[in-house]
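Asker: Letter by letter, the chains look like this.
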Amino acid sequence: MSTNTAYYIPHKAVWPVLATGGLMIMLAGFANYLNGSSIGSGMMLTGFSVFILMLGAWFSLQATESESGMYNHGVGISYRMGMMWFIFSEVMFFAVFFGALWYARNISIPALGEIELTGPGRSTHNTLWPAFEAIWPTNGPGNVGGHFEPMGAFGLPLLNTLLLLTSGVTCTWAHHGLLAKNRQQLIKGLAATVALGFIFVACQALEYHEAYSEMGLTLGSGIYGSTFFMLTGFHGFHVCVGAIILSVVLFRSWKGHFTPENHFAFEAAAWYWHFVDVVWLGLFIFVYLM
Amino acid sequence: MTAVVAEHDDHHDHHDHGPEKGILRWIITTNHKDIGTMYLVFGLIMFFVGGTMALIIRSELFEPGLQFVDPQFFNSMTTMHALVMVFGAVMPAFVGLANWMIPMMIGAPDMALPRMNNMSFWMLVAGVLLLAATLFMEGGAPAGGWTLYPPLVLQTGKALPFAIFSVHMLGISSIMGAINVIATIFNMRAPGMTLMKMPLFVWTWLITAFLLIAIMPVFAGAVTMLLTDRFFDTSFFNAAGGGDPVLYQHIFWFFGHPEVYVMILPTFGVASTIIPVFARKPLFGYASMVYATAAIAFLSFIVWAHHMFTVGLPIAGELYFMYATMLIAIPTGVKVFNWTATMWKGEMTFETPMLFSIAFVVLFTMGGFTGLMMSVAPADFQYHDTYFIVAHFHYTLVPASIFILMASGYYWLPKWTGNMYDERIGRLHFWLSAISVNILFFPQHFLGLAGMPRRIPDYAIQFADWNMVSSIGAFIYGFSQLLFVYIVIDTIRGGTGKATAEVWEDASKHGLEWTVPSPAPYHTFTTPPEIIPTEHV
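Sequence order for the protein chains is A and B.
The first sequence stops at residue 290 when you use the working numbering, and every number in between is there.
The second sequence stops at residue 537 when you use the working numbering, and every number in between is there.
Source of the hints: derived by calculation from the structure; they are not laboratory data.
This one's a predicted model, so the numbers in the text were calculated from it and none came from an experiment.
There's no promise every hint is true.
To be verified - Partial pick of chain A residues on the chain B-facing surface, computed with a CB cut under 7 Å:
1) Ala-31
2) Ser-89
3) Met-92
4) Ser-108
5) Ile-109
6) Val-144
7) His-147
8) Pro-150
9) Gly-222
10) Ser-226
Cβ atoms here follow ideal geometry from the backbone N, Cα and C, with glycine treated the same way.
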């Protein structure tokens, strides 16, 4: 049964509204930058710094409150629900890009290649691009972005899969250490997870470098390049965020935070990490292998 | 129990009990009532901003020919009117109601995540500011329709990235608000407040929150692809690169259809809360109302392409989306039946909230039936992109969502302010609204069936008469809403006298919010209330 007895209602804080202001300045700056305005990048950096500083202040306030025992079981449940549904919203965000990939491969490309006799792309095919054949990967009938080589699955991507899967194991190992009050195991496990995460990001950067410099594969390489870079790019961004969150948790573990009963931040970071891991498996199968 | 309560009070001694003084109270507040008030006031202001845009549209359409604005600006007005009303007025107003009422209805001391609650509100303000700023940019505000379809929307000038980032911020705001609602309802109900004892408003908001978390990231993803297509050379919506503009429409409406239910489900919730009080009967079919709401929410995810019947879908798609759409009429019919059955043989009185609610039942049903007409795919080829669809969705939004928002204003104002509003002016507001809204939108059915396209600043001469009628209705409707502003201010300043705790006869049988004093104290239910058995079980 739910209960609200002694639910901790936090006092006011200036950080949420200031962080919002920072985010708004950052996005307005980015928009200005895209429009070619000279103030854009400065605004973007300022806003971003404010945003990060304010988030940092907010989270350290939360950490202090948590360590001083202000949060009871009920508050912990609210936080866990919050994290759970936040991750669900992230799942939906990635679903859009997986959906776009599915749609391109199963609907728009076959239609442009006149595989379906009654498809909506039939007249487009006949009048504009009668020579186009529906094959994957493709940069479309307009050969947008010029010749490119598709990214293979074995090599770096396979290595990356192993890296992330291993990091999932070390993360769980750290959790066991936390529950068993083994501080050393917690810290080692987390450090290994963070390291594996950053190695993954480095490999991804190397892969992008090869794609751009040697394979002719860019964000502009038609629908293949678009889906490839948007999916792996947003995933890589999430890996970075996840690794930063884990680093903060590592720092707090080193400072002696968390008990077997009270370690929401660790759990949230671990859930997020596993989510990022699962998304990668989806990417490895649908973007690289198939 | 006593010990726990004592410990609880201990905690609070370190923190604020009442509101702070000055502007900072509002800026950094974490109190659900303060935040609810800010959402409601913001929603009301945006209602008039969006309404002004609507009146610019109706002025231009008063007569054929181009009189007041150039076509580009006209198209900006239709686009911005929709975006402002959806994201700036209706959604925030319902989030405001959720903030104010959900904790009080379930016996909770506040929302579950109060600091995030504060951030949700300011994200909304920031998002709307970015959107409003586009009105003053080179190339004008977005003018390709609120659906932001490519390739048309990619022709927007400097406004495009601002509009896109505005959508991102509004999305973050909605997701955070929705997460808060879910955590509050699941985690903070008073002991004894089981799920099936919750007021329907709480139920509908719970389901709405799930919709929001599922769809806002989808919209964010769609506009992100617009951004990269325009600025980073991607080909998501470009056929030459192997993409497809129709892909955008699929993604948009996967968001867009549940989105319109985000605006109507809380409407249903408030109607189900108000009608029993003034019919002096328990709500008819409480459980069926809950299941119908869930069914509508589920169906909203599998009907999206009925917005795209004329885009060139395969015949199997047309058939599937036609039949799936028709299914929605069943749970919606259950609801209309239940509201009617609640009123049946009730000892009804017709105070302003009830008048608005009854008008909602009748006029929303009409909007629903025109929706059913358009669900028939072959018939929709005639209705698509005409004023018929404009009439349809305005019937489901204005005399439904907006009327119910007005009803909730009258219903809860005495609880919020501690004063009674002026019933005579309230009823005047109702009758002016109810009559003029029909003068405004009913003729648009005729215009649409006769073939007048939507989003056009000029029209053929045969459409002149009904457009003039519609515009006259628009001005009466728009200006009569000022009465509401007058009533709100008047009530805050004393109204017609002090309100009792219960306000409405026997209301305390219908909801916990009527058991606390009027005005509701700054903190309510810091100790959980005892839940008395409610009537609707």
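Asker: Quick check on Ser-89/A please, does its C-beta sit within 7 Å of some C-beta on chain B?
Answerer: Hint holds; Ser-89/A Cβ to chain B Cβ min 5 Å, cut 7 Å.
Asker: Hint validation: Ile-109/A versus chain B, beta carbon distance must be below 7 Å. Holds or violated?
Answerer: With a closest approach of 6 Å, the Ile-109/A hint holds.
Asker: Is the interface hint satisfied for Ala-31/A? The criterion is a beta-carbon contact with chain B at less than 7 Å.
Answerer: It holds, given that the least Cβ distance between Ala-31/A and chain B is near 4 Å, below 7 Å.
Asker: Does Pro-150/A pass the interface hint, meaning its C-beta sits closer than 7 Å to a C-beta of chain B?
Answerer: This interface hint is violated because 13 Å lies over the 7 Å limit.
Asker: Given Ser-226/A was flagged as interface, is its beta-carbon under 7 Å from a beta-carbon of chain B?
Answerer: Ser-226/A check passes; min Cβ-Cβ to chain B is 4 Å, inside 7 Å.
Asker: Given Gly-222/A as an interface hint, is the shortest Cβ-Cβ distance to chain B below 7 Å?
Answerer: Result: holds, 4 Å to nearest chain B Cβ.
Asker: Any CB of chain B closer than 7 Å to the CB of Val-144/A?
Answerer: holds (4 Å)
Asker: Please check whether His-147/A passes as an interface residue: C-beta within 7 Å of a C-beta belonging to chain B.
Answerer: violated (14 Å)
Asker: So, Met-92/A near chain B? Judge it on the closest CB pair being under 7 Å.
Answerer: The hint holds - Met-92/A has a Cβ within 7 Å of chain B, the shortest such distance being about 4 Å.
Asker: Under 7 Å is the threshold here; is the Cβ of Ser-108/A close enough to any Cβ of chain B for the hint to stand?
Answerer: holds (4 Å)
The structure shown violates the earlier hints numbered 7 and 8.
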